[in-house]
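Q: Under the UniProt record's numbering, think of the first position of the sequence shown as 1, with each following residue one higher.
Hints listed in this document are in silico derivations from the structure and should not be mistaken for laboratory results. Remember, predicted model here, so these are calculated numbers, not experimental data. Careful: at least some of the hints might be erroneous.
[Said to hold, decoys possible] For lysine to aspartate or glutamate, the following DMTMM-like pairs were computed, each having C-alpha atoms within a straight-line distance of at most 20 angstroms:
hint, residue 1, residue 2
1, K188, D165
2, K168, D250
3, K188, E235
4, K88, E48
5, K192, E144
6, K10, E151
7, K202, E238
8, K168, D143
9, K202, E151
10, K170, D143
11, K168, E144
12, K202, D250
13, K192, D165
14, K88, E115
15, K188, E151
16, K10, D65
17, K170, D250
18, K188, E231
19, K170, E144
20, K202, D246
21, K93, D82
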Amino acid sequence: MQFIEANGAKIPAIGLGTSELRGRTCARVVEQAMRLGYRHIDTAQVYENEREVGEGLRASRIRRDEVFVTTKIWTTHFAPNDLERSTKESLTKLRLSEVDLLLLHWPNPQVPLSETLGALAHVRQLGMARHIGVSNFTVALIDEAVAKCPEPLACDQVEYHPYLDQTKVKEACARHGMAVVAYSPIAKGRIKTDPALAAIGKNHGKTPAQVCLRWLVQQNVAAIPRTSKIERLSENIEIFDFVLSDDEMDRISGLGSASGRLTDYGFAPKWD
Numbered sequence: 001m002q003f004i005e006a007n008g009a010k011i012p013a014i015g016l017g018t019s020e021l022r023g024r025t026c027a028r029v030v031e032q033a034m035r036l037g038y039r040h041i042d043t044a045q046v047y048e049n050e051r052e053v054g055e056g057l058r059a060s061r062i063r064r065d066e067v068f069v070t071t072k073i074w075t076t077h078f079a080p081n082d083l084e085r086s087t088k089e090s091l092t093k094l095r096l097s098e099v100d101l102l103l104l105h106w107p108n109p110q111v112p113l114s115e116t117l118g119a120l121a122h123v124r125q126l127g128m129a130r131h132i133g134v135s136n137f138t139v140a141l142i143d144e145a146v147a148k149c150p151e152p153l154a155c156d157q158v159e160y161h162p163y164l165d166q167t168k169v170k171e172a173c174a175r176h177g178m179a180v181v182a183y184s185p186i187a188k189g190r191i192k193t194d195p196a197l198a199a200i201g202k203n204h205g206k207t208p209a210q211v212c213l214r215w216l217v218q219q220n221v222a223a224i225p226r227t228s229k230i231e232r233l234s235e236n237i238e239i240f241d242f243v244l245s246d247d248e249m250d251r252i253s254g255l256g257s258a259s260g261r262l263t264d265y266g267f268a269p270k271w272d
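Take the sequences, apply the hints, and build the full model.
A: Here it is, written out as structure tokens:
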């Protein structure tokens, strides 16, 4: 496993995303991922599966200090008292004394960002999170968050795949020593039929998904692909035995555009 280092955090480059995973399936997939070598698990309050993620972690019998666990605070809990309370609830569900990374899931203009960040920093100071960060923040919001947060921010977790150009967000994070963590890194499966990715994959004996994940990791971006299929878990982590050439990296980057977002979130901020 490779790691992305950012403001003191050491984030495993490939992790398991757990959005839409529920119940026994979620616990089983998390347990199997850990047994296959994953050491980075991503969940969130709004996924309603923190309890099952915790069950999977315990069932794997992997030592706690070997696992990087991320959860995210939902926007309705951004008021300072609510943020601390909801973090405690997440830890109770996960049955952990702390998470490795605690993120604000989305910007919430209804609560002053300075208040939310102050509460997030306080939670870290109380020992409930080893590192803190944000998710779905634009360039302008990243700059504002860094200026207003009393503690260093480790990352911005955003949608990122070959069809979405996130150059500006990457540059903003780099300026502040932050990592980029990519969700939906294989574009919700759309990349499976992409002829350019298939051709590059053929050169390396790899699938389009593996090419896509390798492209992200070579940019020093962590990726958290979600899958409920055990066979995909092995595929997604087997990307550290080949290297894409500069030309291949450029060809993949050329697939992207600023308008390549796959999901219309409705309440999303205006993206830079």
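Q: Taking the earlier hints as the rules, which of them does this structure contradict?
A: 5, 9, 15
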